[in-house]
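Our numbering numbers the first residue of the sequence shown as 10 and each following residue consecutively.
Please note that a few of the clues may not be correct.
What the hints assert, rightly or not - Label-pair restraints from in silico Cβ distances:
(1) 145 to 77: 13 to 23 Å
(2) 74 to 162: 27 to 37 Å
(3) 237 to 194: 48 to 58 Å
Said to hold, decoys possible - Below, computed lysine to aspartate or glutamate pairings styled on EDC-like, alpha-carbon distance capped at 20 Å:
(4) 173 to 143
(5) 98 to 153
(6) 98 to 87
(7) 173 to 112
(8) 67 to 112
(9) 98 to 185
(10) 98 to 75
(11) 67 to 101
(12) 67 to 55
(13) 98 to 182
(14) 98 to 70
Hints listed in this document are in silico derivations from the structure and should not be mistaken for laboratory results.
All C-beta atoms in this analysis are idealised placements derived from N, C-alpha and C, irrespective of residue type, glycine included.
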Amino acid sequence: MTAASRGLCRQLDRKRRAWASERYVGRAGGRASHHNTAMDTHPLLDEALATFDRLFAKAADAGEPDPTAMSVATATLDALPSLRMVLLKAHDARGFVFYTHLDGRKGRELQANPQAALLFHWPRIGNGVQVRVEGQVVQVPDEEADAYFTTRPRVSQLGAWASKQSETLESADAFETRLTQVEREFDGRDVPRPARWTGFRVRPRRIEFWYGAQFRLHERHVYERDATGDWSTRMLYP
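Full structure from sequences and hints, please.
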């Protein structure tokens, strides 16, 4: 073995020990509480969520502009994909939640083909971290969407009513006019959630953690759920 090869092996060994020391931090404490249901409770899922919580907190501490930013990939029934950035609004053992219009492109695609992939990228953690989540998508209950909608700024609430998401907009002035009309309509009273505006929950069946390293000696750890609901974990080549 050459000196260069021995150096790379030592680097991998150090990374592996560092990973092992951090991996189980969430089990001892310091992790966010998760409201598991019986079908969602599994030690490996808990471990994956604890790892996500730890990295999510590290992303905030590292000064990531918005750790909640994630890309959401959807596809039509003809397997035509589309991708966009959204914000994570909640996560627990049930899944990862974001909100949107049902009549926009992602809303239509998710209703027709309820599968999605999420990607978080936090480049300020070490040499960069990515978290990939794949799973089935379900709409959140109305009461959950209502509760979240009440926390939004009033202008954002009005915007949800004014926007015909993904439809053709003749001009910026046309949207301003609609917003003014909606503002007048709800003047002096609370703004209710539009019926066609709601949340989607991605129920994970696969979660992968990617840790960047020099010389492409990245680390990849994946957690997967099988058809029986049981979870397993393994490492992947970079």
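Comparing the hints with the structure gives:
1. One distance hint, 13 to 23 Å for the beta-carbon pair residue 145 and residue 77, holds here, with the actual separation near 22 Å.
2. Between residue 74 and residue 162 the CB atoms are about 19 Å apart, so this pair departs from the stated range of 27 to 37 Å.
3. Under the hint 48 to 58 Å, the C-beta atoms of residue 237 and residue 194, about 51 Å apart, fit the expected range.
4. Pair hint residue 173 plus residue 143 does not hold up; C-alpha atoms about 28 Å apart against a cutoff of 20 Å.
5. With a CA separation close to 12 Å, the supplied pair residue 98 and residue 153 stays within the 20 Å bound.
6. Pair hint residue 98 plus residue 87 does not hold up; C-alpha atoms about 29 Å apart against a cutoff of 20 Å.
7. Restraint check: the Cα-Cα separation between residue 173 and residue 112 comes to about 8 Å, which is no more than 20 Å; the hinted pair holds.
8. Our distance criterion of 20 Å between C-alpha atoms is broken by residue 67 and residue 112, whose separation comes to about 35 Å.
9. Of the pairs offered as hints, the one joining residue 98 and residue 185 is violated, with about 27 Å between alpha carbons and a cut-off of 20 Å exceeded.
10. The straight-line distance between the Cα atoms of residue 98 and residue 75 is roughly 12 Å, inside the 20 Å bound, and the hint therefore holds.
11. For the hint pairing residue 67 with residue 101, the CA-to-CA distance comes to about 18 Å; that is within 20 Å, so the pair holds.
12. Distance check on the hinted pair: residue 67 and residue 55 sit about 18 Å apart at the alpha-carbon level, within 20 Å; holds.
13. About 30 Å separates the Cα atoms of residue 98 and residue 182, which puts this hinted pair outside 20 Å; it is violated.
14. Between residue 98 and residue 70 the CA atoms are separated by roughly 19 Å; this keeps the pair inside 20 Å, and the hint holds.
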